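One line per chain: the protein sequences are A and B, in this order.
Take the first sequence: its position 129, counting from 1, is numbered 669 in the working numbering, and each next residue is one higher.
Take the second sequence: its position 399, counting from 1, is numbered 939 in the working numbering, and each next residue is one higher.
These aren't lab readings, by the way, just hints derived from the structure by calculation.
Because the structure is a prediction, the values reported are computed rather than measured.
One should not assume that every hint holds.
The list treats identical chains as one, so a pair stands whether inside a single copy or across any two.
[Said to hold, decoys possible] In silico PhoX-like links for lysine-lysine, alpha-carbon gap of 25 Å or less:
| hint | residue 1 | residue 2 |
| --- | --- | --- |
| 1 | K983 | K972 |
| 2 | K543 | K623 |
| 3 | K968 | K979 |
| 4 | K972 | K718 |
| 5 | K718 | K979 |
| 6 | K979 | K558 |
| 7 | K756 | K558 |
| 8 | K834 | K752 |
| 9 | K756 | K972 |
| 10 | K806 | K548 |
| 11 | K983 | K598 |
Protein chains: 2
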Amino acid sequence: MNKNLVEKFNSIIGEKGKVLTNEEDLACYSYDAYAETPVMPEIVVKPTDYEQIQQVIKLCNEENIPIVTRGAGSNLSGGTIPKSGGCVLLTTGFNKILEINENDLYAVVQSGVVTATLAKAVEAKGLFYPPDPGSMNISTIGGNVAENAGGLRGLKYGVTKDYVMGVNFFDPEGNSVKGGGKTVKLVTGFNLQGLMVSSEGLLGVMTDITLKLIPKPKTSKSMIVFFDDVITACEMVSAIISSKIVPTTLEFLDNFTIRTVEDATKIGLPTDAGALLLIEVDGYEGQVEEEFSKIFELANKMNGRLKVANNIEEKNKIWEARRKALSSLARLKPTLILEDATVPRSKIPSMMRAIQEITKKYNLTIGTFGHAGDGNLHPTILTDRRDKNEMEIVEKAIDEIFDAALNLDGTLSGEHGVGTAKAKYLEKEVGKGTILYMKKLKKGIDPKGILNPHKMGI
Amino acid sequence: MNKNLVEKFNSIIGEKGKVLTNEEDLACYSYDAYAETPVMPEIVVKPTDYEQIQQVIKLCNEENIPIVTRGAGSNLSGGTIPKSGGCVLLTTGFNKILEINENDLYAVVQSGVVTATLAKAVEAKGLFYPPDPGSMNISTIGGNVAENAGGLRGLKYGVTKDYVMGVNFFDPEGNSVKGGGKTVKLVTGFNLQGLMVSSEGLLGVMTDITLKLIPKPKTSKSMIVFFDDVITACEMVSAIISSKIVPTTLEFLDNFTIRTVEDATKIGLPTDAGALLLIEVDGYEGQVEEEFSKIFELANKMNGRLKVANNIEEKNKIWEARRKALSSLARLKPTLILEDATVPRSKIPSMMRAIQEITKKYNLTIGTFGHAGDGNLHPTILTDRRDKNEMEIVEKAIDEIFDAALNLDGTLSGEHGVGTAKAKYLEKEVGKGTILYMKKLKKGIDPKGILNPHKMGI
Numbered sequence: 541m542n543k544n545l546v547e548k549f550n551s552i553i554g555e556k557g558k559v560l561t562n563e564e565d566l567a568c569y570s571y572d573a574y575a576e577t578p579v580m581p582e583i584v585v586k587p588t589d590y591e592q593i594q595q596v597i598k599l600c601n602e603e604n605i606p607i608v609t610r611g612a613g614s615n616l617s618g619g620t621i622p623k624s625g626g627c628v629l630l631t632t633g634f635n636k637i638l639e640i641n642e643n644d645l646y647a648v649v650q651s652g653v654v655t656a657t658l659a660k661a662v663e664a665k666g667l668f669y670p671p672d673p674g675s676m677n678i679s680t681i682g683g684n685v686a687e688n689a690g691g692l693r694g695l696k697y698g699v700t701k702d703y704v705m706g707v708n709f710f711d712p713e714g715n716s717v718k719g720g721g722k723t724v725k726l727v728t729g730f731n732l733q734g735l736m737v738s739s740e741g742l743l744g745v746m747t748d749i750t751l752k753l754i755p756k757p758k759t760s761k762s763m764i765v766f767f768d769d770v771i772t773a774c775e776m777v778s779a780i781i782s783s784k785i786v787p788t789t790l791e792f793l794d795n796f797t798i799r800t801v802e803d804a805t806k807i808g809l810p811t812d813a814g815a816l817l818l819i820e821v822d823g824y825e826g827q828v829e830e831e832f833s834k835i836f837e838l839a840n841k842m843n844g845r846l847k848v849a850n851n852i853e854e855k856n857k858i859w860e861a862r863r864k865a866l867s868s869l870a871r872l873k874p875t876l877i878l879e880d881a882t883v884p885r886s887k888i889p890s891m892m893r894a895i896q897e898i899t900k901k902y903n904l905t906i907g908t909f910g911h912a913g914d915g916n917l918h919p920t921i922l923t924d925r926r927d928k929n930e931m932e933i934v935e936k937a938i939d940e941i942f943d944a945a946l947n948l949d950g951t952l953s954g955e956h957g958v959g960t961a962k963a964k965y966l967e968k969e970v971g972k973g974t975i976l977y978m979k980k981l982k983k984g985i986d987p988k989g990i991l992n993p994h995k996m997g998i
Numbered sequence: 541m542n543k544n545l546v547e548k549f550n551s552i553i554g555e556k557g558k559v560l561t562n563e564e565d566l567a568c569y570s571y572d573a574y575a576e577t578p579v580m581p582e583i584v585v586k587p588t589d590y591e592q593i594q595q596v597i598k599l600c601n602e603e604n605i606p607i608v609t610r611g612a613g614s615n616l617s618g619g620t621i622p623k624s625g626g627c628v629l630l631t632t633g634f635n636k637i638l639e640i641n642e643n644d645l646y647a648v649v650q651s652g653v654v655t656a657t658l659a660k661a662v663e664a665k666g667l668f669y670p671p672d673p674g675s676m677n678i679s680t681i682g683g684n685v686a687e688n689a690g691g692l693r694g695l696k697y698g699v700t701k702d703y704v705m706g707v708n709f710f711d712p713e714g715n716s717v718k719g720g721g722k723t724v725k726l727v728t729g730f731n732l733q734g735l736m737v738s739s740e741g742l743l744g745v746m747t748d749i750t751l752k753l754i755p756k757p758k759t760s761k762s763m764i765v766f767f768d769d770v771i772t773a774c775e776m777v778s779a780i781i782s783s784k785i786v787p788t789t790l791e792f793l794d795n796f797t798i799r800t801v802e803d804a805t806k807i808g809l810p811t812d813a814g815a816l817l818l819i820e821v822d823g824y825e826g827q828v829e830e831e832f833s834k835i836f837e838l839a840n841k842m843n844g845r846l847k848v849a850n851n852i853e854e855k856n857k858i859w860e861a862r863r864k865a866l867s868s869l870a871r872l873k874p875t876l877i878l879e880d881a882t883v884p885r886s887k888i889p890s891m892m893r894a895i896q897e898i899t900k901k902y903n904l905t906i907g908t909f910g911h912a913g914d915g916n917l918h919p920t921i922l923t924d925r926r927d928k929n930e931m932e933i934v935e936k937a938i939d940e941i942f943d944a945a946l947n948l949d950g951t952l953s954g955e956h957g958v959g960t961a962k963a964k965y966l967e968k969e970v971g972k973g974t975i976l977y978m979k980k981l982k983k984g985i986d987p988k989g990i991l992n993p994h995k996m997g998i
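Isolated chain A (complex conformation) (with noise of 0.2 Å):
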């Protein structure tokens, strides 16, 4: 980037270290958490306020250079990947929580505040934001709000846009907009911050987000159920959901999953098990016990092994069975692809059918893991991305994937969104109106392209 502007960025920001023009520091944001090759941004700023973040929004669409707004960078679909170089805009300076209100059960935070972070200070106060990605140690709420993270909880508690209340941002001419508010009702012009939930950065630079709080529930409990036939326990979790209980987590781990973690972590996981159902039930003691009770006793129809946690230690350990999934599955090969494929929940049994007959006619490794309980299966597979036969054979097994999600009335993508990596396969899902009516809306929002060109395949 030429001196000039770079001046112009230095006089916005007005801090050392908080404009980032040398190669090894560019090369930091040239990536984000999904494997693919890596481009360089020609600027990195890190702005700290609401007026550097507008200044920096109308230099670069006077200049017309792109701008991909980033948190941790933590997303699973290269939506942080700066596709046209320009500039990366970090919101990880912008982090402050700016009030819990325990009487009208909402937060308001600055896009860069830690998912975590916001999590435990609400907790204090005896309250609680559900919405927990995999990544909410580092993952930032602008991030979770861009691409309508998930988590473990989704089934019972929704994901991120079922918590979104309200959404300041600014459009990429830099004009201040407002979408929502501060009450449970608001009908007050377009669904502003719903449009961006998922939006991905391309529709506008969030600042300050409001995020509905709920009554911390009051008790909980986890248990682990082991069955010896993988498709017995995608039944169950479709017979869980059947007899209306709706755990706050129903989590699965398959054979190949379980085995593999267990090599990494010795927390005494039967290795000879098919697979293996975590789920917490979580509300009024009373509820609880009942739930619990019903589960205990499909799990004994349908033959499955149930373990109950009795206390902490116990809970703790059942958890990390689940949590370690995908860092053990990456220690066995040099790539990982990890999929998001999501059915409906009641389509599990059917959906890992094919995954199994993928597996087997490509001769595959792949572990599956997911949140069952929302139909949201993760099928890892694990390959070298240096192996170009193997790799063409990985492609169509993931075609194969995205067919049967598509046959069940399901999605690609459950929770890690499009990017760049999906964006290919969009119309398939969506169709061709959908795209030109995407098409049309960015295009209507942002003329110029400013705001993460080349994203979604739009």
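Take the given structure of chain A and dock chain B to it, following the hints.
Chain B alone, transformed into the frame defined by chain A:
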């Protein structure tokens, strides 16, 4: 409308009585539930399938004929008054419940399905569709989504937007667009199902809507609490929420409304009460009992007289007081102006004080009732539109009610929408930048301004 054009509409619909052009027929669609000067459409069509809807849109686009999509016309903001003539596209003939899925907890309906019809069909299967706008016996799901309809259960269960999982719609050119789907988690593309919420017919013509369902609560308890003083009643609302109880319903009637309802119904309300709260808690038995005890305790502490409904008759009687509020008030004077200002819940006492001051200052007849639990009050001004002097005063009072709500971090409209009623006030709440963003969005999607033009002031 010229004969040639009418013939084209006839050849699309192809059924007698479903294309209306007679003045007396058109007159029925020149107004809606919002009291405003009627405007005649040029033609009314009642398509019954996807193909017909698509062809009508394509024809209107080609011929530059504005389209007002209309369900029951029960909106309270003039959203379905055909400001620029053109074509009223009635969805009431497009009213099939396509699927109620008990295993995956969703329903798919065509946009013309009546809300109460869906609610009953769902309840028959042990499930629950919570949004219950006052007009639910006639309103359509399409209209509910377009207006983001609220209702009495918003406090605990949220509003229409919280139940919209997917929307299929046509864009202004008749292209088929798909937002969301049947999975709890779904992040493929922009949140177009979210964008349809509150879009008031400006951004697409909805066809199929996928709605989230939840298990029916096990039990519930209704009660009524009388207070000598209106402000104490409002403080009780905050006290309940602050003690982390979220009732299903928490409704408020002021003394004027109590007296008016009692006059009209003779159900035995104490006409000397300063205000009353109608409260319902639901869920598991233990939880309901615990919440009831806490509310009972709070009521005692705040000198409220609590009466619990011991059976379904008593429960119905309690709710009749609320259901009859609007119609009872409407008997008093020729013109009823129902406002919809909404504030964060803890600000209800301040808002009520402001309404009292404004009532006194302008010497107006205002009855206030509403969904106090979610901060959504309906101050209802009784007047006579023919009295120009009083109407000028009424306008001033409305301005001050809005200012009070905005000063308390609230909104001009909690659940009734913008339409033509609030168009001129909108900028006051959302600011210039937001109006500009909405205009750019609308222009991008609908450059010719075919869909419900001249609404929302954009």
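Checked hints:
no., hint, verdict
1, K983 <-> K972, "both (16 Å within a copy, 20 Å between copies)"
2, K543 <-> K623, "within (22 Å within a copy, 55 Å between copies)"
3, K968 <-> K979, "within (16 Å within a copy, 30 Å between copies)"
4, K972 <-> K718, "between (31 Å within a copy, 10 Å between copies)"
5, K718 <-> K979, "both (22 Å within a copy, 14 Å between copies)"
6, K979 <-> K558, "neither (33 Å within a copy, 35 Å between copies)"
7, K756 <-> K558, "neither (38 Å within a copy, 53 Å between copies)"
8, K834 <-> K752, "between (31 Å within a copy, 23 Å between copies)"
9, K756 <-> K972, "neither (43 Å within a copy, 38 Å between copies)"
10, K806 <-> K548, "neither (55 Å within a copy, 74 Å between copies)"
11, K983 <-> K598, "both (18 Å within a copy, 22 Å between copies)"
Consistency note: the structure conflicts with the earlier hints numbered 6, 7, 9 and 10.
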